[in-house]
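> Chains as they are written, first to last, in this note's numbering: chain A, 1 to 116; chain B, 1 to 112.
No lab work stands behind these hints, which were simulated from the structure alone. Treat the hints loosely; a few may be bogus.
Taking lysine to aspartate or glutamate and the EDC-like style, the derived pairs with C-alpha atoms no more than 16 Å apart in a straight line are [claimed, not checked]:
#1 B/K70 with B/E54
#2 A/K9 with B/E54
#3 A/K9 with A/E104
#4 B/K51 with B/D71
#5 B/K51 with A/E104
#6 A/K57 with A/E82
According to the in silico footprint, chain A covers these stretches of chain B (three or more CB under 8 Å from chain A) [unchecked claim]:
#7 30–42
#8 45–51
#9 69–81
Since the model is a prediction, treat every value here as computed from it, not as a measurement. Just so you know, even glycine gets a beta-carbon here, dropped at the ideal spot from N, CA and C.
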Amino acid sequence: DSGVTQTPKHLITATGQRVTLRCSPRSGDLSVYWYQQSLDQGLQFLIQYYNGEERAKGNILERFSAQQFPDLHSELNLSSLELGDSALYFCASSVAYGTGGLDEQFFGPGTRLTVL
Amino acid sequence: GQQLNQSPQSMFIQEGEDVSMNCTSSSIFNTWLWYKQDPGEGPVLLIALYKAGELTSNGRLTAQFGITRKDSFLNISASIPSDVGIYFCAGQLRRGAQKLVFGQGTRLTINP
Chain A
1 DSGVTQTPKH LITATGQRVT LRCSPRSGDL SVYWYQQSLD QGLQFLIQYY NGEERAKGNI
61 LERFSAQQFP DLHSELNLSS LELGDSALYF CASSVAYGTG GLDEQFFGPG TRLTVL
Chain B
1 GQQLNQSPQS MFIQEGEDVS MNCTSSSIFN TWLWYKQDPG EGPVLLIALY KAGELTSNGR
61 LTAQFGITRK DSFLNISASI PSDVGIYFCA GQLRRGAQKL VFGQGTRLTI NP
């Protein structure tokens, strides 16, 4: 158990719909990252938040957005869903900027999104 | 964007054999990480490397950060059935809570 929690574990929805994925980081971690894992693209970085502020963006679609709340949990919002959005979505957390072991990212169990 | 080339893509070995996999990149990375992912689960961190040339062990696992900073390898000695899974290398271009760039993964299958 990494200490990172994600809900829901599974999500099945239809094209055009909107869903929200939730992540709670490990206790004490200030940075949250979202990754998408699909069969053909592997693990791809989407977006990072640090202490409530967006820090970095990867290949995140405009239909996707995220935020980190004052209690440090994060939500990833996916809208106007398409069949190709079906994937595993992982959240990871790390302590903060720093040296040594502080760079290590710990992953949650993921949310499997299926768009029908 | 940056890519990590991980090989081999898959391995089929006998229980007790040693395993070796590696990652290479055209970019210099300041941190290398190795993860293992079981089906339906999130990646689990195995080893983190922070200095060029660094050799780090975690039980039967040993990983090295290449001198050029463009490669890393992971060795597993005396494999056991629970080693089955997908192993990913990941790199960070700069120190300090940066996004991870992942390799494509090595799927390890062990015949008992």
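> May I ask which of the numbered hints given earlier this structure violates, with the numbers listed in increasing order?
2, 3, 6, 9
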